[in-house]
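Participant: Spelled out from the first residue to the last, the chains are:
Protein chains: 2
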Amino acid sequence: MDLHRFAENPLITPAQVAASQPDFEAIGTFNAGAALYRDEVILLVRVAERPLARSADDVLYPALNESGALTVRAIRHDDPRYDVRDPRIIRDLHTGAVFLTSMSHLRLARSTDGIHFAIESRPFLTPQIPYEAFGVEDARITLIDGTYWINYSAVSPLGIATGLVSTRDFVQIERHGIILPPANRDVVLFPEKIGGRYWCYHRPMPAYIGDYNIWVAESPDLLHWGNHRVLLRVEADGWEAGRVGGGAPPIRTPEGWLSIYHAADVQDRYCLGAFLTALDDPARIIARSKTPILEPDAPYEAAGFYPNVVFTCGAVVRDEMLTIYYGGADFCIAAASVPIAELVEGLFRGDA
Amino acid sequence: MDLHRFAENPLITPAQVAASQPDFEAIGTFNAGAALYRDEVILLVRVAERPLARSADDVLYPALNESGALTVRAIRHDDPRYDVRDPRIIRDLHTGAVFLTSMSHLRLARSTDGIHFAIESRPFLTPQIPYEAFGVEDARITLIDGTYWINYSAVSPLGIATGLVSTRDFVQIERHGIILPPANRDVVLFPEKIGGRYWCYHRPMPAYIGDYNIWVAESPDLLHWGNHRVLLRVEADGWEAGRVGGGAPPIRTPEGWLSIYHAADVQDRYCLGAFLTALDDPARIIARSKTPILEPDAPYEAAGFYPNVVFTCGAVVRDEMLTIYYGGADFCIAAASVPIAELVEGLFRGDA
Chain B
1 MDLHRFAENP
11 LITPAQVAAS
21 QPDFEAIGTF
31 NAGAALYRDE
41 VILLVRVAER
51 PLARSADDVL
61 YPALNESGAL
71 TVRAIRHDDP
81 RYDVRDPRII
91 RDLHTGAVFL
101 TSMSHLRLAR
111 STDGIHFAIE
121 SRPFLTPQIP
131 YEAFGVEDAR
141 ITLIDGTYWI
151 NYSAVSPLGI
161 ATGLVSTRDF
171 VQIERHGIIL
181 PPANRDVVLF
191 PEKIGGRYWC
201 YHRPMPAYIG
211 DYNIWVAESP
221 DLLHWGNHRV
231 LLRVEADGWE
241 AGRVGGGAPP
251 IRTPEGWLSI
261 YHAADVQDRY
271 CLGAFLTALD
281 DPARIIARSK
291 TPILEPDAPY
301 EAAGFYPNVV
311 FTCGAVVRDE
321 MLTIYYGGAD
331 FCIAAASVPI
341 AELVEGLFRG
351 DA
Chain A
353 MDLHRFAENP
363 LITPAQVAAS
373 QPDFEAIGTF
383 NAGAALYRDE
393 VILLVRVAER
403 PLARSADDVL
413 YPALNESGAL
423 TVRAIRHDDP
433 RYDVRDPRII
443 RDLHTGAVFL
453 TSMSHLRLAR
463 STDGIHFAIE
473 SRPFLTPQIP
483 YEAFGVEDAR
493 ITLIDGTYWI
503 NYSAVSPLGI
513 ATGLVSTRDF
523 VQIERHGIIL
533 PPANRDVVLF
543 PEKIGGRYWC
553 YHRPMPAYIG
563 DYNIWVAESP
573 DLLHWGNHRV
583 LLRVEADGWE
593 AGRVGGGAPP
603 IRTPEGWLSI
613 YHAADVQDRY
623 CLGAFLTALD
633 DPARIIARSK
643 TPILEPDAPY
653 EAAGFYPNVV
663 FTCGAVVRDE
673 MLTIYYGGAD
683 FCIAAASVPI
693 AELVEGLFRG
703 DA
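Chains as they are written, first to last, in my numbering: chain B, 1 to 352; chain A, 353 to 704.
Calculated directly from the structure, the hints in this document are not laboratory data. All the pointers check out, no bait thrown in.
For lysine to aspartate or glutamate, the following DMTMM-like pairs were computed, each having C-alpha atoms within a straight-line distance of at most 25 Å:
1) A:642 to B:66
2) B:290 to B:342
3) B:290 to A:418
Just need the whole structure built from these sequences, with the hints factored in.
Facilitator: Below is the structure:
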């Protein structure tokens, strides 16, 4: 059971994207939600942007202010009150508060062949509410009864929460607020009701005690969630020892719900795995990959903004072929495909 | 506006409590949920117990094993693989995993005068499910239409989650699972529907980014929660700079919903505060204490298992008098009272 990387990888890089703001530049195009809409593959690309620095002495960070306006603040690189060694964040050494040096929004890209994408010049979803003051990230798209439900990470000084919007045409967007409080991300919604309820997998990030495991929850309406139970836990060692989290929204197959998920080891090397859950019970795992179905090997996976990462937010099925769109090294978008029946058989045989 | 500590404080100490297990001892009786039931004040006391050590060289930690059985494991005090400097926890230096050196359960105590309590010899609620492998803590009791709903912290290697049970008679208990995933505690339920929905305040513990703020959420059924919004945030400095969290379940007054909450400063000194929210909108604060309504001053608040803590999980109103039951220094239970109208007036006047 092998996934085949597209020869055209990477499919999308930051160089193809116009910045959304004057004096900003796109530094990452990755972790895209995916869906089929009419005859096209739709990607909702996470575009990470940073303000252009006017001086090498400054470290800049963008955020919405209390009025909801985008502001850019600067601190001196050598300001002893801050830790700026990790280029992705600024840490206030007194309060412990973390700021991000980039801000993400969601951008629509369209393709008929699933390989060559036309990227819209304007954002699809930008940070607007206080819960998004540091950005909106990592969309997942789930089609339920003609409506596309899009959940995403809403990042702000209030924490990393999960927001929900919906659209029927990828033009008009309806907002539905915060469906899971911080710290929680990597939420995937099921495309249909099971046993009269909606279902999701989610990935709490516990503080103090607890690992980064995948949980399952149920809902009467997609907005209120309960009956939280742990589903898939980190392993003591190996490629799943650091964290696991939902990837692409579950896909119905004759044998069960197919989930593509991510797992990182304790060195933060991110791979993709797969598992199947019972068609009538998304809380019951019936098969699970023993080894990664995709590891960060290609140059665009091994090196980038954050090296050694393959991370998916979406996959599509056309002509019995599963195509997984994934972020490479928090920098670019790539894709890999496999006949879906072959992947499912491999999970049952235990050779994946 | 002054709270009057009971002259009989502390009302309950560990010496009054029989251990639930052979070779265990109670080391803390604190953070009790409170309710009126028939003519009595009911407290659901958090009883923290630890295994009796057979050797001074050992550090013991109790937990449910995979089969749900209570086990006690020991590590050597000088084992270099573990950090045991904080007597409350053991930290595995390789994995970062945290274990607790004590385990809590919930114990019923009854009183007609609200001062002298008879403590039951057996637990009311003990750890039983994997989410409770390290204990059940900090009950809140809310009476809704004849049923007492009891939420509590379910602590385990899976994180600190919020569980829910209900009872009509404090004998038969019905379990309702996990209503908020980790890390979340200090949940308080409203005693009635408002605008056709149930309401709660909850306190996520965000990892990586985010403060320990109080949030509000809504539910159709007490089991599924959504529309999460931040309600009351930590302050930049002072007695509320470290964390805030729900205390006693909200109490209806003519002027608004009265909430007694806890706040800690950056030195982890825990005080009590109060705020009022609109009767028709629990998400709208209409008055808030500027200074603590109770600070850890008394000997049983200043010294104990964890010093300088007053922390409440419940209060009752009888004859227009509000009695707040609270934990002192994570060791004992004490109480303080104030005419409820006086407290509410003080919040509006701004002298509390």
